[in-house]
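Peer 1: Listed below, chain by chain, are the residues.
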Amino acid sequence: MTSATQTDTMSIGRHLLGLEDLSAEQIVAILDRAESYRRRMENGGGRLDDLNGVVVANLFFEPSTRTRTSFSLAARRIGADTVDFSAGGSSLSKGETFVDTALTIEAMGVDLVVCRHRTPGAPHLLARHLQAGVLNAGDGTHEHPTQALLDMLTIRQRRDIAGLRVALVGDIRHSRVARSNIHGLKKLGADVVVCGPATLIPRSITQMGVEIAHDLDEILPEVDCVNLLRVQFERQRGAFFPSIEEYAHLFGMTAERVRRARDGLLVLAPGPINRGVELTPEVADGPNSLILSQVTNGLYVRMACLSMLAQQRRQTAARREQPA
Amino acid sequence: MHRLLITDGTVIDPSGPTDERGSLLIEDGRIAAFLPGPAPEDIDAERIDASGCIVAPGFVDTHVGVGEPGFEEDETIASAALAAVAGGVTSLATLPSTNPVVDNRGGAEFVRHQAAQVPGARVYPCGAVTQGIRGEHLAEIGQLVEIGAVAFTDGKTPIANAEIMRRALEYTGMFDRAILHHAVVPELSETGVMHEGFQSTRLGLRGIPAAAEDIMAGRDIALAELTGGRLHLMTVTTSGTVDLLRKARERGLSVTADVAPHYLLLDDSVMATFDTLYKVMPPLRSSDHIDAVIAGLRDGTITCISADHQPLAIEKKAVELDVAPFGICGLETMLCTCVRALIEPGHLSWAELIRCLTVGPADVLKLPAGTLASGAHADVVVIDPNREITIDAARFRSRSRNTPFDGDTFRGAVVKTLVGGTVVYDRDAAAQQ
Chain U
1 MTSATQTDTM
11 SIGRHLLGLE
21 DLSAEQIVAI
31 LDRAESYRRR
41 MENGGGRLDD
51 LNGVVVANLF
61 FEPSTRTRTS
71 FSLAARRIGA
81 DTVDFSAGGS
91 SLSKGETFVD
101 TALTIEAMGV
111 DLVVCRHRTP
121 GAPHLLARHL
131 QAGVLNAGDG
141 THEHPTQALL
151 DMLTIRQRRD
161 IAGLRVALVG
171 DIRHSRVARS
181 NIHGLKKLGA
191 DVVVCGPATL
201 IPRSITQMGV
211 EIAHDLDEIL
221 PEVDCVNLLR
231 VQFERQRGAF
241 FPSIEEYAHL
251 FGMTAERVRR
261 ARDGLLVLAP
271 GPINRGVELT
281 PEVADGPNSL
291 ILSQVTNGLY
301 VRMACLSMLA
311 QQRRQTAARR
321 EQPA
Chain B
1001 MHRLLITDGT
1011 VIDPSGPTDE
1021 RGSLLIEDGR
1031 IAAFLPGPAP
1041 EDIDAERIDA
1051 SGCIVAPGFV
1061 DTHVGVGEPG
1071 FEEDETIASA
1081 ALAAVAGGVT
1091 SLATLPSTNP
1101 VVDNRGGAEF
1111 VRHQAAQVPG
1121 ARVYPCGAVT
1131 QGIRGEHLAE
1141 IGQLVEIGAV
1151 AFTDGKTPIA
1161 NAEIMRRALE
1171 YTGMFDRAIL
1181 HHAVVPELSE
1191 TGVMHEGFQS
1201 TRLGLRGIPA
1211 AAEDIMAGRD
1221 IALAELTGGR
1231 LHLMTVTTSG
1241 TVDLLRKARE
1251 RGLSVTADVA
1261 PHYLLLDDSV
1271 MATFDTLYKV
1281 MPPLRSSDHI
1291 DAVIAGLRDG
1301 TITCISADHQ
1311 PLAIEKKAVE
1321 LDVAPFGICG
1331 LETMLCTCVR
1341 ALIEPGHLSW
1351 AELIRCLTVG
1361 PADVLKLPAG
1371 TLASGAHADV
1381 VVIDPNREIT
1391 IDAARFRSRS
1401 RNTPFDGDTF
1411 RGAVVKTLVG
1421 GTVVYDRDAA
1431 AQQ
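Going line by line, the protein sequences match chains U and B.
Residue 1 is where the first sequence starts when you use this note's numbering, and the numbers rise one by one after that.
Residue 1001 is where the second sequence starts when you use this note's numbering, and the numbers rise one by one after that.
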């Protein structure tokens, strides 16, 4: 375990674009920082002032309620000012390019930009053009680093991640949550198996160091944790499975399946869940479910990421003012 | 009589002497003679010193995106003709995918009229295969031939309907014109932005599987066999297509293909930058496919190289990857990228490379170009194979700058280009401007 001082000084870089770019130590540092925010909040800290004077812009180019709310709340809890900007669609539908939109908002004096976009690489494009730090809040089917971090924090509060066997179940092909979880979990030493219909698991994903399974019942007895990914109906461009009923029959997490799994199976779901599809209400509200804990941890993880990026920005600014 | 003597170069003419030191005599815009050995002192002629350089026929490009009419912010016929000669290209065929589409007599007449106004490369129109490039009804191919259409293509839009493709091959065959086809199955490529494989999985980007090209190339070859028509596949990128082409050519079918140099230099891993400059159609493939395409060039399965010039105003590329248009502005970097991809690793000799840039494409278009034989138009390129150049897109003659090679340094430069015996490009003079 990294010592507190190392964690406090660990940098995660100017931007947080994906977990693929981070080392295990950087991931642990974020989780440790999130844990310390949890303790401070639980010990009665209402609004902290770590990020006083910092302005965080939430640029959401894709509809989102949960993630945007979580980021807004996280930023305000640690003293930052927030500005929310939502816009549907892409550059083409607006006439103004996406980069111009971001530059306009940055010019209003923004320190950190939280970006959600339906196109992979959109936050990377911003990072090339903006002075502000960019935090990826989900770019299409690529990465969603804070979601994976909150999933890992939720697991780590109960079990050691190293050596743990985790199943990511469902629509792997269209899931940024899956990609970020794979990068993060592998770096922290977990075994990862992806499970779902063959149409929703690209065969080449094995090159990311994961196993592929298509039979949930076969893998359930040997996993410690299942993360039930939402079926991304909106990203599918054709028939990936015959019917929702058949999907739920083959891959839905039911109470019966939980009974056949290991004791203490951790059940995660990034939400918003389709109740009755990825999991039944009985499981969602049952003793194995960590869904609400994930939501709370999301707040701490986002507080941690924002504060680490703000810290990096302060240090960069200080270096610029005092050339050595 | 105006005489010009290009002296002391290494002359590489795919239809004549290759790799022989000597001088090229040009009289009134036509090749008069190749004079082996040291340059004769007694000829009264203007002289161009080509010592240390390669003297070759000007290059021929079978498909060049010009933008005009309709997309003049990307390129005009005039700017394409000037960009071409800076890249050593002296004859080019324009893609008809403009607005309006070149699918009738008037459209082809416009291209010829604009081309006649400007210095630079010789410009020939390609006609559309189908009206409006909609893939439904044949364009007025016979009348387009009368105006000078050298080939037929629907550009980057595949002809999805096999029946239309069959009739088009039969009909163009009647005029001995080739169909240049972008072979890809639309249903397997729609909304894709890159090659499908590990990289697309890792990056979460929609993939275009190699099978999308293989399937369409196989269909096209079968239809060429059925009809006896002439088929040319543009920018082939997959090992499957190369295998199909090799077998088709062994059976004696009139099937040819080209490749563009950026497909040989860049693989799909560059997409990790999410930079739209790398977004091209067909997509940059993985290294196993690249190796197969290079093998196809080496054994003569692929006989042509094209820049696959797709100029795009830079603001069109400054958007998200999924909405950005496909294409690289390729004419002015064609030679140096070929040198890095093919000459430096030893895949092709200079003579073999020049063959792919000259007689290969000239045969597809049936143009009297790509030769230094006596009596031919003096379309000539002088190449310094050792000169280092750094790409500066800001100085492109093209109206567009969408190249991923900006700022890169290469070896191998076009130093002079002549069209009809007149110097239309001079690198050293251009550098001083």
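Be aware that one or more of the hints could be misleading.
Said to hold, decoys possible - Subject to a maximum C-alpha distance of 25 Å in a straight line, what follows is the list of computed SDA-like cross-link-like pairs (lysine to any residue): (1) U/Lys186 to B/Ala1272; (2) U/Lys187 to B/Ser1269; (3) U/Lys186 to U/Gln322; (4) B/Lys1317 to U/Lys186.
Derived from the structure by calculation, the hints contain no laboratory data.
Peer 1: Of the numbered hints stated earlier in the document, which are not met by this structure?
Peer 2: 3, 4
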